[in-house]
Amino acid sequence: MEQYFHWFDLLGVGVFAVSGTLMAYRKNMDGFGVLVLAAVTAIGGGTVRDVILDLPVFWIEDQSFLIASFVAAILTIFWLRFQTKIPQTPLLIADAIGLSYFVVMGAQKALEHGTTPLIAIVMGTITGSFGGVIRDIMANEMPLVLRGELYATAAIAGGIVYTQCLAFGVEMYTSMFAGMIVILLCRLAAIRWNLHFPVFKS
Amino acid sequence: MEQYFHWFDLLGVGVFAVSGTLMAYRKNMDGFGVLVLAAVTAIGGGTVRDVILDLPVFWIEDQSFLIASFVAAILTIFWLRFQTKIPQTPLLIADAIGLSYFVVMGAQKALEHGTTPLIAIVMGTITGSFGGVIRDIMANEMPLVLRGELYATAAIAGGIVYTQCLAFGVEMYTSMFAGMIVILLCRLAAIRWNLHFPVFKS
Amino acid sequence: MEQYFHWFDLLGVGVFAVSGTLMAYRKNMDGFGVLVLAAVTAIGGGTVRDVILDLPVFWIEDQSFLIASFVAAILTIFWLRFQTKIPQTPLLIADAIGLSYFVVMGAQKALEHGTTPLIAIVMGTITGSFGGVIRDIMANEMPLVLRGELYATAAIAGGIVYTQCLAFGVEMYTSMFAGMIVILLCRLAAIRWNLHFPVFKS
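Protein chains in written order, with the numbering used here: chain A, 20 to 221; chain B, 20 to 221; chain C, 20 to 221.
Take these hints with a grain of salt, some might be off.
Where chains are identical, the list cannot tell them apart; a pair therefore holds if satisfied intra-copy or between any two copies.
As a list, the in silico SDA-like pairs of lysine to any residue whose alpha-carbon atoms are at most 20 Å apart [said to hold, decoys possible]:
no.: 1; residue 1: 104; residue 2: 131
no.: 2; residue 1: 46; residue 2: 131
no.: 3; residue 1: 128; residue 2: 116
no.: 4; residue 1: 104; residue 2: 76
no.: 5; residue 1: 104; residue 2: 93
no.: 6; residue 1: 128; residue 2: 111
no.: 7; residue 1: 46; residue 2: 204
no.: 8; residue 1: 46; residue 2: 163
no.: 9; residue 1: 46; residue 2: 110
no.: 10; residue 1: 128; residue 2: 189
no.: 11; residue 1: 128; residue 2: 82
Read the hints as simulated data drawn from the structure, not as lab findings.
With the hints as extra help, turn the sequences into a complete structure.
Structure, rendered in structure tokens:
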């Protein structure tokens, strides 16, 4: 199982790096700044998680994550040279898969290091969403995740399902799968029907 | 004394969370993004302090801080559903109390871990003001604290008074109290007479 | 050699602090917020490096860095009171020297702590450029380094030259010097001929 996880990790990092590269494209960035934005989007969330939990930062230990994000960025740059139309829907679905995977893996890493379920949910949400937050801040935009679209909400819901499954004695991989499915469905529904979760009276 | 500190800690976190929620309201944020902004405002400063000092991050050790910020955010959301007018002055006073408390506690934590007084003053200022800095950055605004209103200045003044009282042998709680009073008075004066501290010729 | 390095360190910190102060000036900031922006620009990159590598943060260990950035900020404020014209070219050259020095020292610190050359290059680039990134984010601008001008590119090129010289058995100080020269020449060329490195078809 572990070796499959590593490939999923790299895939997730790659998907997030693509979203960073596209933001750099929209903002008309030049030079290797594109690599910076791609890498920050891809590994920023996990970096914040590891720093806050005081664990060794994952991409220092294993540089394949950094390489995956650079490769994804370079492939995207080449794609954009020949093809300016970006396939929006496949990208959103890939991002949803990346999010669901990272949230659950982030929550699991926190639990492994002895946090409470609440902290694990927060750490999962940070892992899944803070790369995008840093991307948007660097691109001088208000972070998308704060403006709704059920992004953080999906992450929190998945984190709750995962930690509660574990609490009720469900086997680990099953719990992880359940958490991921919840996030994926929330995101796909939000994308399909353009759902929001308003908290303030407008 | 220690158990009172914990309640003050939670109160301070709550006040800062309210200011994060109000920013989310002004920026018309949706979904649980509000919780993110509230939490980041409330615990961001202390997180940066603990990470830089390489100490365990305080809200990982004790999740009541996180819960306090969520509760404060949810209460504020309900308040805003029934009452759109925000009582500005009480909020500013509460924020001034929160600031004075956090700055001195942050400086004290730094000193406890063997820093010099200068570093302790810087750490106190970070503890008190960086939550608001991250809040403003996330809301895509230039941080208020950098635009004056004697905010950082009050924090630095209080830090100096606190560390110098200690250096002159004043008892710890008295020194803390002196530092807090200085910050509180600076802030209240700045709010009352709209004081600024210009450094550039305009 | 070591004691000279310390003076170069302080000089580099001072140069970066000046660029932070100038940004604060352009943004018409008030109060001690100027000190914050100066310090963040000067020591932000090294702070991110040390936190990610889980090393003691350099300016906590040795407060002369913080003092150097404050002194540079205060001198700049006085300069700007008597003289509103800022000498652009000398400042850019000083910044290029600061960058080349910080990138190589950052990469070396990473290698010393057992990272791979790739991670060392990334850490050097972070050390040299992230202070400016945080400065621009705090000033609510899109980071300069992401918009090109061969800034990150120069840093990466210097990091590659430095680590590859070491890999080919070149003596350490010679390798460092080679890396710095490459960065300096890239930057000076970029400033002189206003070079960019476009990656997207416009």
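Results of checking the hints against the structure:
no.	hint	in the structure
1	104 with 131	neither (42 Å within a copy, 45 Å between copies)
2	46 with 131	neither (39 Å within a copy, 37 Å between copies)
3	128 with 116	within (18 Å within a copy, 37 Å between copies)
4	104 with 76	neither (35 Å within a copy, 44 Å between copies)
5	104 with 93	within (17 Å within a copy, 42 Å between copies)
6	128 with 111	neither (25 Å within a copy, 39 Å between copies)
7	46 with 204	neither (30 Å within a copy, 28 Å between copies)
8	46 with 163	both (15 Å within a copy, 12 Å between copies)
9	46 with 110	within (18 Å within a copy, 27 Å between copies)
10	128 with 189	within (17 Å within a copy, 41 Å between copies)
11	128 with 82	both (19 Å within a copy, 17 Å between copies)
Consistency with the previously given hints fails for numbers 1, 2, 4, 6 and 7, ordered from lowest to highest.
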